[in-house]
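Chains as they are written, first to last, in the numbering used here: chain A, 1 to 127; chain B, 1001 to 1075; chain C, 2001 to 2392.
It should be emphasised that the hints constitute simulated quantities derived from the structure, not laboratory data.
It is possible that some hints are incorrect.
With a straight-line cut-off of 25 Å between C-alpha atoms, the simulated SDA-like cross-links for lysine to any residue are [stated by the list, open to error]:
# : chain 1 : residue 1 : chain 2 : residue 2
1 : C       : Lys2158   : C       : Leu2322
2 : C       : Lys2158   : A       : Gly125
3 : C       : Lys2303   : C       : Glu2261
4 : A       : Lys21     : B       : Met1045
5 : A       : Lys46     : B       : Thr1068
6 : C       : Lys2307   : C       : Ser2292
7 : C       : Lys2353   : A       : Ile116
8 : A       : Lys60     : B       : Arg1070
9 : C       : Lys2237   : C       : Leu2329
Some chain B residues flagged as far from chain A (calculated, every beta-carbon gap over 12 Å) [to be verified]:
#  : residue
10 : Ala1037
11 : Gly1038
12 : Arg1039
13 : Glu1040
14 : Asp1041
15 : Gln1042
16 : Met1045
To be clear about the criterion: a stretch of chain B counts as covered by chain A if any three or more of its residues have a C-beta under 8 Å from a C-beta of chain A, and this derived list gives those stretches [as the list claims (entries may be wrong)]:
#  : stretch
17 : 1014–1024
18 : 1047–1055
19 : 1066–1073
Where a beta carbon is used, it is the ideal one built from N, C-alpha and C, also for glycine.
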Amino acid sequence: MEIFKVVSFCIIATILIIIIKQQKPEMALLLTITAAVGVMLFAIYKMSDIFNLLDSLANKSGINKDFLIIIIKITIIAYIVEFGKNICTDAGQTAIATKLEMAGKVVIVTLSLPIINSLISILTGLV
Amino acid sequence: MWLYSYDGVKFMDIDLLFKIAGIGILVAVLSQVLSKAGREDQAMMTTLTGLIIVLMLVITQISDLFETVRTVFKL
Amino acid sequence: MSMVKKKRIIIFFLIVISVFNMFFVNIKAEGNEENQDVKENLAQDLDFDEYIKTIDEHIKESGLYDIDINSITDELMTNSKLDYNSLLGKVLSVFSKEILGALNGAISIFIIIIVMALINSIELENKSDVTKIAHLACFLVIATITIATFIDVISMLKDVINALTTLMQTISPFMMAILIATGAITSTGIIQPLLLFVASAIGFIITYIVIPFLSISVAFNVISSISENLRLNKLSKLFSSSSMWIVSVILTIFLGILSLETSLSSSVDSLAVKTTQTAVSNFVPVVGKFFSDSFETVVGASKIIAKVGGGVAILAIVLIALVPILKVLSIMIIYMLLGAVVEPICGSEQINKFISGFANIYKTILGILIGVTILFVISSGIIFNLANSVVK
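Next up, chain A with everything else stripped away, as it sits in the complex (with noise of 0.2 Å):
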């Protein structure tokens, strides 16, 4: 069961980064970038089957890829976004972690912009 590696792969980081953070808040901040990023790339590996599937599928149903393509990258732009936002805001500094936000939703919202454009085409090929 590697869910139990990972359980205690946090606690024990946890504990680590309580001990260090008394003496050193800079490293315990290191710590916890460590262990989450650890910890995400686990998950992500995890992603990797579902993820085929997906592929596959979108092959053999023979949609438009560009698509989903565009959905995935904004997927991950928002984890990763409220990633950093987190560790921002654990180490205090809501104003860098909001402002990184922003920057996301602005990247979001271009990145859907063809999105947007197939969509009002379509529309007016109704009307």
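Starting from the structure of chain A, add chains B and C where the hints point.
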């Protein structure tokens, strides 16, 4: 010892955690000793050095993360 | 006049009368074959082959290539039984093709929804704005796909209504000829313009009223799912159900008028035909009975042609409308399944409401299609029934 491996990239490196924690404790102790001994500047230098070393390790880890994301999602 | 001349005249008349009698007996003895010849001649006169050919073209245009109307017609003419098994098999093959096509679109939507569910399940902390925007982007993609499907269906609806209307307009000259051949003259005068009016009115109403209503309903659906503040769900449902209502009201009115007119005018016609028959057979001396009896033969033959023609017409209507009906049916089924499957996976309600709203709209479209088909089938049935009701 690492808990997971994918394409040779080590995930959830307990070793890494202990390494960083160890460096952190070491740097804390050293800087306290040095500052108690009156060498404030050297204390600050060790702190900075420790930070830079740990930062290097973490950045390696983060770049691994992004590389994995790119390969898994085939972007 | 001398006795010889008188005798000659009498003998001459006797010979003429006996010749006529023999002729008459011959006709009766030939019986069935004569019937067949009459049928064929009548068919040629009424351009039966042209009629069958036009129906064939209509059916081929609507995409059912396998079904051969000519062979079906011949079978009907000879032993009046329809080969249901092979027809059913062909219909099923078309149905499976349509379901596969609709499945494609549904799979793409499903994939996007899975991705959305992933986002949902992992960013579970707060409704932070980044996740909201990612939601919105996913929703836009889903909306694009569903709206593209909807536009496809609407244009197909327009096409099929056009095809049915032109089919009815093509049939009407033939129907008129058959009805006159069986003697229903008054009925033809009334039914003919009524039928054309019904066909074009239905086409007009559906193109200019029903389809805009449906589009408005879809637009409201999309709007109410994008923004959480603006709730237009009920309004959307109102538009779609009112369009269904309009079509059913029109159906009822027209069918009512049609059946009323036929029952009234068919009694007038049978009276007129019987009167003419009696008059001809009694008042015209020698050939009167011959004429009125052969009239019944002709009417009998044309009744068979009318039955066959009517059966083929109804079959053609059903077949032309069948493909779109099956397509809309399969799309609707798949959307309902999708809605059911998505509901536990995806947390956001907007997708759920969006898909179930769409399934509702497709249900309305299906109802409208079936209603119009039934209208045409029943009116053709009523009209072709007229042919049998005049001369018993």
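Do the hints match the structure? See the list:
Distance check on the hinted pair: lysine 2158 (chain C) and leucine 2322 (chain C) sit about 14 Å apart at the alpha-carbon level, within 25 Å; holds. Of the pairs offered as hints, the one joining lysine 2158 (chain C) and glycine 125 (chain A) holds, with about 15 Å between alpha carbons and a cut-off of 25 Å not exceeded. Of the pairs offered as hints, the one joining lysine 2303 (chain C) and glutamate 2261 (chain C) holds, with about 21 Å between alpha carbons and a cut-off of 25 Å not exceeded. The hinted pair formed by lysine 21 (chain A) and methionine 1045 (chain B) meets the criterion: a straight-line CA distance of about 19 Å does not exceed 25 Å.
The hinted pair formed by lysine 46 (chain A) and threonine 1068 (chain B) meets the criterion: a straight-line CA distance of about 12 Å does not exceed 25 Å. For a cut-off of 25 Å, the pair hint linking lysine 2307 (chain C) to serine 2292 (chain C) stands: about 22 Å separates their Cα positions. For the hint linking lysine 2353 (chain C) to isoleucine 116 (chain A), the alpha-carbon distance of about 21 Å falls within 25 Å, and the restraint holds. Taking the CA atoms of lysine 60 (chain A) and arginine 1070 (chain B), the gap is about 23 Å. The hint holds against a cut of 25 Å.
Between lysine 2237 (chain C) and leucine 2329 (chain C) the alpha-carbon distance is near 19 Å, which keeps this suggested pair within the 25 Å criterion. Taking the minimum C-beta to C-beta distance to chain A, about 17 Å, the non-interface status of alanine 1037 (chain B) holds against the 12 Å cut. No Cβ of chain A comes within 12 Å of the Cβ of glycine 1038 (chain B); the nearest lies about 20 Å off, and the non-interface call holds. Non-interface status of arginine 1039 (chain B) relative to chain A is upheld: no Cβ of that chain comes within 12 Å, the nearest being about 18 Å off.
Separation of glutamate 1040 (chain B) from chain A is adequate, the least Cβ-Cβ distance of about 16 Å exceeding the 12 Å criterion. Distance check on aspartate 1041 (chain B): its Cβ is at least 18 Å (rounded) from any Cβ of chain A, clearing the 12 Å threshold; non-interface status holds. Look at glutamine 1042 (chain B): its CB is around 16 Å from the nearest CB on chain A, clear of 12 Å, so calling it non-interface holds up. Listed as outside the interface, methionine 1045 (chain B) is consistent with that label: its C-beta sits roughly 14 Å from the nearest C-beta of chain A, beyond the 12 Å cut-off.
Residues of the stretch 1014–1024 of chain B lying with their CB closer than 8 Å to a CB of chain A number 8, which satisfies the three-residue condition for coverage. Counting residues of the stretch 1047–1055 of chain B whose CB falls under 8 Å from any CB of chain A gives 5; the rule of at least 3 is met. Counting residues of the stretch 1066–1073 of chain B whose CB falls under 8 Å from any CB of chain A gives 4; the rule of at least 3 is met.
The structure meets every hint from the earlier list without exception.
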